[in-house]
Amino acid sequence: MRILILLLALCPLFNQATVITSNEQSFTINIDIVVNADKMQAYQKFLNIGQWWSAEHTWFGKAENLSIDARVGGCFCERAGEKQAMHMRVSYLAPGQEIKMLGGLGPLQMMAVNGAMSWKFEQINAKQTKITFYYHVVGYLDGGLNKLAPIVDKVQQLQLTRLRRFINTGNADAS
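According to mature numbering (1 follows the signal peptide of the UniProt record, and there is no 0), the stretch in the sequence shown is residues -17 to -1, 1 to 158, in order.
You may find that some hints are simply not true.
[To be verified] Listed next, the in silico BS3-like pairs over lysine-lysine satisfying Cα-Cα at most 27 Å (straight line): (1) K103 <-> K66; (2) K83 <-> K45; (3) K28 <-> K66; (4) K28 <-> K83; (5) K28 <-> K110; (6) K113 <-> K22; (7) K22 <-> K130; (8) K45 <-> K103; (9) K110 <-> K130; (10) K113 <-> K103; (11) K137 <-> K28; (12) K66 <-> K83; (13) K130 <-> K28; (14) K83 <-> K103; (15) K22 <-> K103; (16) K83 <-> K110; (17) K66 <-> K110; (18) K137 <-> K22; (19) K103 <-> K137.
Everything labelled a hint here was simulated from the structure, so no lab data went into it.
Build out the structure end to end from the sequences listed, making use of the hints.
Spelled out as structure tokens, the structure:
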């Protein structure tokens, strides 16, 4: 019983993730995290994506090459000199509340798929914010998109863990 109570107490430290749907034509991922910052601070740190995104999940190997132009039509881009990649495009912006983007991350760019991503920031008390990540991908892939859902979920779990660390400690690599 003590172990169960301890595990329940530690739950806020872990990402709450769900692959909501997964079939041959689509998948949807939802991940919630709680951070120790008000929603405007959390939102501003989120926009500093080059400081928390994993370099392993970039085209050119350096997270600091990533940026989000926070305006409708703005680019979630990666620029390394003449090498450039547009990962997603901002389609909705309510600063400090929500940002929506359209496109495909990583190898999804070269597949016959469309992705819609949302990041919501909800103040839960004076010192904490809940960030809700939602990513819906639809389209065609030989063998079915359902095979990609756990892979994309794992990568996004990593990114949100790093975001939480960055917001809470100032260092995405901290343990």
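Against the structure, the hints come out as follows:
no.	hint	verdict
1	K103 <-> K66	violated, 31 Å
2	K83 <-> K45	holds, 24 Å
3	K28 <-> K66	holds, 25 Å
4	K28 <-> K83	holds, 16 Å
5	K28 <-> K110	holds, 15 Å
6	K113 <-> K22	holds, 8 Å
7	K22 <-> K130	violated, 34 Å
8	K45 <-> K103	holds, 26 Å
9	K110 <-> K130	violated, 39 Å
10	K113 <-> K103	holds, 8 Å
11	K137 <-> K28	holds, 22 Å
12	K66 <-> K83	holds, 25 Å
13	K130 <-> K28	violated, 32 Å
14	K83 <-> K103	holds, 9 Å
15	K22 <-> K103	holds, 9 Å
16	K83 <-> K110	holds, 24 Å
17	K66 <-> K110	violated, 40 Å
18	K137 <-> K22	holds, 25 Å
19	K103 <-> K137	holds, 20 Å
Of the numbered hints listed earlier, those contradicted by the structure are 1, 7, 9, 13, 17.
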